[in-house]
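Chains as they are written, first to last, in my numbering: chain B, 1 to 114; chain C, 1 to 112.
In short, the hints are calculated from the structure, not lab data.
The beta carbon of each residue, even a glycine, is placed where N, CA and C say it ideally should be.
Hints may contain errors.
[Unchecked claim] Covered by chain B, per the in silico footprint, the following chain C stretches (three or more residues, Cβ under 8 Å):
(1) 9-22
(2) 44-54
[Said to hold, decoys possible] Okay, derived cross-link-like pairs now, DMTMM-like style, lysine to aspartate or glutamate, Cα gap no bigger than 20 Å in a straight line:
(3) C:K70 with C:D83
(4) B:K71 with B:E102
(5) B:K57 with B:E1
(6) B:K57 with C:D54
(7) C:K68 with C:E14
(8) B:K57 with C:D3
(9) C:K36 with B:E53
(10) B:K18 with B:E102
(11) C:K67 with C:D16
(12) B:K65 with B:E1
(13) B:K71 with B:D38
(14) B:K65 with B:E53
(15) C:K56 with B:E53
(16) B:K17 with B:E1
(17) C:K36 with B:E102
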Amino acid sequence: EAQVTQNPRYLITVTGKKLTVTCSQNMNHEYMSWYRQDPGLGLRQIYYSMNVEVTDKGDVPEGYKVSRKEKRNFPLILESPSPNQTSLYFCASRPTTGGSDEQYFGPGTRLTVT
Amino acid sequence: GEDVEQSLFLSVREGDSSVINCTYTDSSSTYLYWYKQEPGAGLQLLTYIFSNMDMKQDQRLTVLLNKKDKHLSLRIADTQTGDSAIYFCSPGRGSTLGRLYFGRGTQLTVWP
């Protein structure tokens, strides 16, 4: 089944404790992206990657890191999480050929930083 | 960057029509998308319209595009309680561009 998976789905952590949220897709998509969703603010793009070893900032990259060493994986790293990073995070992927830029989303990771 | 505006809330009675509106600023969008987010789930593509079209109908869904005014709308006919969700508008920017934008999402509540 074609899908985007994220782990963990739920995470409660403390300020300053480094964490990684994994994202994996099995559709051989070149493009992957991370978003955060906050009430009243909608979806905001954190980082995206057009292909392996190519990453770029979205609208709200501060406090986050990403890497794209393999095509299928795009982990999101919070080196020193803070409470304002409490949010619902989504990973998405899509192909970069064919014209359409429809995205396929993972199920989300709910992060709470205390 | 791109600015995408949607109203935050809409409530309708079951069986009525719902209309969700979206305005955007980037006139270069080739595809314009509507995504649906059900409670506790990720976003899924609901429908889309190609920028050279004015209207697209897909069963109970009608998408209208006014390219001149940069206005997109989604009409759901005979709205059902299962349509209760958050709906996001997202103007596409072409498959070769990376920065993508979404509206804040419209929470549709359908009352029985």
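Query raised in the report: Do the alpha carbons of K71 (chain B) and E102 (chain B) lie within 20 Å of each other, as the hint requires?
Result: Within the cut-off at roughly 18 Å; holds.
**Report entry** K65 (chain B) paired with E53 (chain B) [C-alpha distance capped at 20 Å]
**Finding:** Distance ~13 Å between K65 (chain B) and E53 (chain B) Cα, so the pair holds.
Query raised in the report: Taken at face value, is the distance from the CA of E53 (chain B) to the CA of K36 (chain C) at most 20 Å?
Result: With a Cα-Cα distance of about 31 Å, the restraint between K36 (chain C) and E53 (chain B) is violated, given a limit of 20 Å.
Report task. Would you mind confirming whether the straight-line C-alpha gap from K71 (chain B) to D38 (chain B) stays at or under 20 Å? Result -> violated (28 Å)
Requested in this report: Can you take a look at whether the segment 44-54 of chain C is actually covered by chain B? Rule is 3+ residues, C-beta closer than 8 Å.
Outcome: holds (count 3)
Query raised in the report: Hey, K18 (chain B) versus E102 (chain B), does the alpha-carbon distance stay inside 20 Å?
Result: violated (32 Å)
Query raised in the report: Can the restraint linking K57 (chain B) and D3 (chain C) be considered satisfied, given a maximum Cα separation of 20 Å?
Result: Since the Cα atoms of K57 (chain B) and D3 (chain C) sit roughly 17 Å apart, the hinted pair holds (cutoff 20 Å).
Requested in this report: Compare the distance between the alpha carbons of K57 (chain B) and E1 (chain B) with 20 Å, and conclude whether the hinted pair is satisfied.
Outcome: violated (30 Å)
Query raised in the report: Taking only the CA atoms, is the gap from K67 (chain C) to D16 (chain C) under or equal to 20 Å?
Result: It is violated: about 27 Å lies between the C-alpha atoms, which goes past 20 Å.
Report task. Sort out whether E1 (chain B) lies within 20 Å of K17 (chain B), counting only the CA atoms. Result -> Judged against 20 Å, a Cα distance of about 34 Å means the pair is violated.
**Report entry** Hint consistency between K68 (chain C) and E14 (chain C) [alpha-carbon to alpha-carbon, up to 20 Å]
**Finding:** violated (33 Å)
Query raised in the report: Is it true that the CA of K65 (chain B) sits at most 20 Å from the CA of E1 (chain B)?
Result: The given pair, whose Cα atoms are some 29 Å apart, is violated under the 20 Å limit.
Of the hints listed earlier, those the structure fails to meet are numbers 1, 3, 5, 6, 7, 9, 10, 11, 12, 13, 15 and 16, in rising order.
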